[in-house]
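Let the sequences and hints guide you as you build the complete structure.
4 protein chains.
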Amino acid sequence: MKDLRVGVIGASGYSGSVAARLVATHPRMSVAFATSDKLAGESVALHLGVRADDSLRFVPNAAAIERASESDAVLLATAAEVSMQLLPALAARGLQVIDLSGAFRLAQGDYPRWYGFEHTAPMWLPRAHYGLPELFGSPPVGAPVANPGCYPTAALLAIGPLLRSGLVEAAGIVVDAKSGVTGAGRQSGDSYSFVEVDEDLRAYKVLSHQHTPEITRGLSRLGEGVKVTFTPHLTAVKRGLLATCYARPRTGASAGRIVECLRDTYARSAFVRALPPDQVMLKRVVGTNACHVGATADDDVVVAIGAIDNLLKGAAGQAIQNLNLMNGWDEASGLDGLQRVSP
Amino acid sequence: MKDLRVGVIGASGYSGSVAARLVATHPRMSVAFATSDKLAGESVALHLGVRADDSLRFVPNAAAIERASESDAVLLATAAEVSMQLLPALAARGLQVIDLSGAFRLAQGDYPRWYGFEHTAPMWLPRAHYGLPELFGSPPVGAPVANPGCYPTAALLAIGPLLRSGLVEAAGIVVDAKSGVTGAGRQSGDSYSFVEVDEDLRAYKVLSHQHTPEITRGLSRLGEGVKVTFTPHLTAVKRGLLATCYARPRTGASAGRIVECLRDTYARSAFVRALPPDQVMLKRVVGTNACHVGATADDDVVVAIGAIDNLLKGAAGQAIQNLNLMNGWDEASGLDGLQRVSP
Amino acid sequence: MKDLRVGVIGASGYSGSVAARLVATHPRMSVAFATSDKLAGESVALHLGVRADDSLRFVPNAAAIERASESDAVLLATAAEVSMQLLPALAARGLQVIDLSGAFRLAQGDYPRWYGFEHTAPMWLPRAHYGLPELFGSPPVGAPVANPGCYPTAALLAIGPLLRSGLVEAAGIVVDAKSGVTGAGRQSGDSYSFVEVDEDLRAYKVLSHQHTPEITRGLSRLGEGVKVTFTPHLTAVKRGLLATCYARPRTGASAGRIVECLRDTYARSAFVRALPPDQVMLKRVVGTNACHVGATADDDVVVAIGAIDNLLKGAAGQAIQNLNLMNGWDEASGLDGLQRVSP
Amino acid sequence: MKDLRVGVIGASGYSGSVAARLVATHPRMSVAFATSDKLAGESVALHLGVRADDSLRFVPNAAAIERASESDAVLLATAAEVSMQLLPALAARGLQVIDLSGAFRLAQGDYPRWYGFEHTAPMWLPRAHYGLPELFGSPPVGAPVANPGCYPTAALLAIGPLLRSGLVEAAGIVVDAKSGVTGAGRQSGDSYSFVEVDEDLRAYKVLSHQHTPEITRGLSRLGEGVKVTFTPHLTAVKRGLLATCYARPRTGASAGRIVECLRDTYARSAFVRALPPDQVMLKRVVGTNACHVGATADDDVVVAIGAIDNLLKGAAGQAIQNLNLMNGWDEASGLDGLQRVSP
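Chains as they are written, first to last, in our numbering: chain V, 1 to 343; chain Y, 344 to 686; chain X, 687 to 1029; chain L, 1030 to 1372.
Source of the hints: derived by calculation from the structure; they are not laboratory data. Values in this document were obtained by computation on a predicted structure and should not be read as measured data. The C-beta atom is built at its ideal place from N, Cα and C for all residues, glycine as well. Only true hints are included.
Derived DSS-like pairs: lysine-lysine, alpha-carbon spacing no greater than 27 Å straight-line: (1) X:Lys913 <-> Y:Lys570; (2) L:Lys1234 <-> L:Lys1256; (3) V:Lys38 <-> X:Lys891; (4) Y:Lys548 <-> L:Lys1067; (5) L:Lys1031 <-> X:Lys688; (6) Y:Lys570 <-> Y:Lys548; (7) V:Lys227 <-> V:Lys205; (8) X:Lys891 <-> X:Lys913; (9) L:Lys1256 <-> V:Lys227; (10) Y:Lys345 <-> V:Lys2; (11) X:Lys724 <-> V:Lys205; (12) Y:Lys381 <-> L:Lys1234.
If you want the footprint, here are the derived chain X segments under chain Y, 3+ residues with CB under 8 Å: (13) 886-894; (14) 913-924; (15) 987-999.
Written out as structure tokens, the structure is:
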């Protein structure tokens, strides 16, 4: 009998299926239930390719609330509108809830512009903890967790400590980020077909991506007067995300102090590691919950780079990390056996 | 204190570094030492990206024998000529030895033609156990293990049961196999550069690959009169291996019986799973120790397909599986937390 | 004023758009019209990225017959059922017609099983010329052309000359082929998404692909008693196709004679070149109308390999080659400026 | 007999071999000679895969000067130190010279820091024409051409017109660029092997790439007070380069005026085309000499993106374009038949 029974809602998407596998192989967690309309009735063990009780079958999404009574914690790998409904209902029952969507990451007023809907559970926005442990600590007891987006995770871990330490100006920050295709979620349209994407590279949602206010909000907890320009790019890899951040140095911010700041910030981190900026690369983090960061500077600019696996540290891995912390366990439990893909 | 102290010799190559990571994250094993001339003096934990005692440093290959006294088991991820020297020396000291090279997989007479050297430790050839557990069982007590090659693993698991059950002719078997680029080991020549390999596909060593006699030998334990044609191809993926095997059906070998044979053979296997042949694909096994197999037939031909991750079930993962079995543990210990790369 | 006004029907698919570009840049051809329901009304020049009269717009497929009166030749890049209707109508008007589908490549009786429909224009089957010029010559005056499929083109050019010369047995031929993803045409389903296909490799339509009878029929013109097993594989590249063919050698068929046969067959060919088999690779042909072939043998087997760009020599390039021949021009006209993708 | 006999020096590198193929298939040029120490003695036609006089063989690099007497123009696809020696010698003989290296693109004082050598032919620096025709016109009669670098070509074409029109500030420009692997030239080291590069993405030479002063110099001809931060990234594609440029808008620079500026600048360009920024992508330009640009803006920032094939518009294609212009021909001659790779 494992310590924590975890339900995964939306377990057939990319983040959801990775989350469900991490739960299934975690030494102290077990899959209480997994929902998916597409896979309803199919064996969870067979579909995920993990060893698990073969009697466990996917249930329809509509059964989520009912099945939640058999679980101690729930991971929401659902669209923001759906999470907005589910999180309050589940958290009110005393369950530990981690929401992988953007439904509880912003201020109420940001939702119409960036997510296209009015927020219907605004009282939960201040209660939800923004779960980036390395910068904002462990979730408080009883608080549901807004698990950070993939782009904000990489950008904040790279540039955040420099802003907090007063080494860079808060205005005029540029985040130029490149994500693998799983970042877009499971898509079946023409534009994500292999032939369209392979050997391609492009920017998308230029000046209009919904992670812009999330990055701004995260940085604003670390410095005043933040202005961020964010450009996401789609790159032809399956997994991985690299964020190249530019900021103006404040007086006295030498390359040496920049490097030192990142090194000191993450000296005892289980997952984040400071390296020279040209050693920060996708292949060293993909498959793991690691984030690699690196920075340098000259008189005019600071360049800080962060790399993560968008499905792990950028989504499901960070969710498990938060769940570990909420239960008082080693934050790397169930994550330290992950192997990077590149040998 | 872990149960088994394991030395990894040749830990900077692809198979060796994957093997070392698997040992480092195994619940009952620890890295006793890791050798690499290239990385001598560097931190094993840092280089492999795993949590481990930071005092553990790579040692030169020449220190392998001396350091072996601090270990219970040794994995040889070395060239065949090197393994030929090391295995007898280490096995004679009572250590558990798994050799990932081809040095102890063939008959003495095969070595000059296929490996280009005379075998200098022929008395160890009959003592070494060919470590393909699903077909040839657990290693006997005290026997060193010749860990199978990547191509033979996929081919034997796919076609082997059909031959053993008398469903296919032993003569005229064709194995057309496609391997990812890590199968070639760490190479720095022009011909393995990204620009040369990306978007390419080609056959190599046509009618002359050294895995030909290994496949023949493995199949010859399952049927008489085996004749195999083997063509390896290089395909532009990092990891993974697919073997498409052709054989003539024997009288009465319907598609139904073919399917049933594979299904029954692997019904209780921890790693091998029988599927319809067009569901056997790299993406479902890469990152794991799984092997997927599938077959069908018409009046003229049986087609059997096997897929593995060449670095895991085709090398380091199978080595750990053999080591688990030698120690009487669950064969999946330390391997069942591996996550497939494709979400 | 160009010599030949060419209509392209189905110009938004992969083969059709490549064909339209080749026509637009051909020194002696011009695009008379191009049909596409999806792009109707859009500028052909803009969409194809070629310099052309900007007044030329895509027209709906339904306008094809009407617009055909303004053209001298028509390329059908349409589904087989559509080509089956269009080819007779267009050929009857005296137009030069090249059909890129499989509608006129087989015997009448093959269609229900392999294509799933009854052929409604069977009298045109014997009139259509199977347009593989290197083996079956130039199209006769007035005959419509059934442009060969991609897999048959590579397989027939590799193994065909050996069968014709009596060097291999006609029974027991195996064709194990690997195609890039454009071979499947423009697909928007989940199963062709980048995330599903990237770094993957698999067989599909095992023992049931519709190119099986086409290969059999082509080979049967070169030898008696042909039996072919054909397995197509999907490989994660955009373009390119490699066919690895296995046959039993007939008495006296040494490796030397095999090599010589291919070399002599193609000594004066504009597009086909005989090489050692491990130098036959996608990257040397992709982007061009070339086919590279190579073979070797031992006592038990002949291995012959062919490589093409599936959209050029396997489809649109060969269509232009046939059109050149029908008009008495150099068969490489408009094709010899094509540059391979790999530098 | 073609009009222009062109020698290609350094014809076995990526840019050099692409350049040689373009010359060989150009309607008005022929390959006078091609040098390569590695391929000396081999058939140019066979190696390049083009139709050409089979008697033409590669000659050693040392024969370049001697053979130049048989040519009208010479393309230097050589290292900067080599070009620095060759260009003066060849230009002094009255030959048309296009140098693809960086040897004549900067001011004398820039060479020690950015290229690591003292310039030994400084009097040729002001005589060399920086060959970016869309911004700086046709080469003057008699002037050798410094063919622009790949990163500067994309960056200058995207942001240059906006700076020239006074729409953006000259200080604080950021160029975040991503290049395919051929951009690094033919490399055989470990770090460019397929396994190291595939599915990876990283920045390199952060704040120290030698194209930084070239971009600065080009922009400084279009506006005063230019300060540029440039970060190149290596992305896992064979060909293609995307430059995402950031600048501060000057008063009155609306998104509308930004778009209009690019559209007007390139309205009659043969190769550059203005598009919405999220339609600027590698796959639409790779294989062709096209450059696609697009831009947008809000109150705080202007984002301008440019995409090219690094080997064509970023190297060999632009060299041919310059050569066409020097000879008074259509600048697209020999380039308008190029087909993009993505169908």
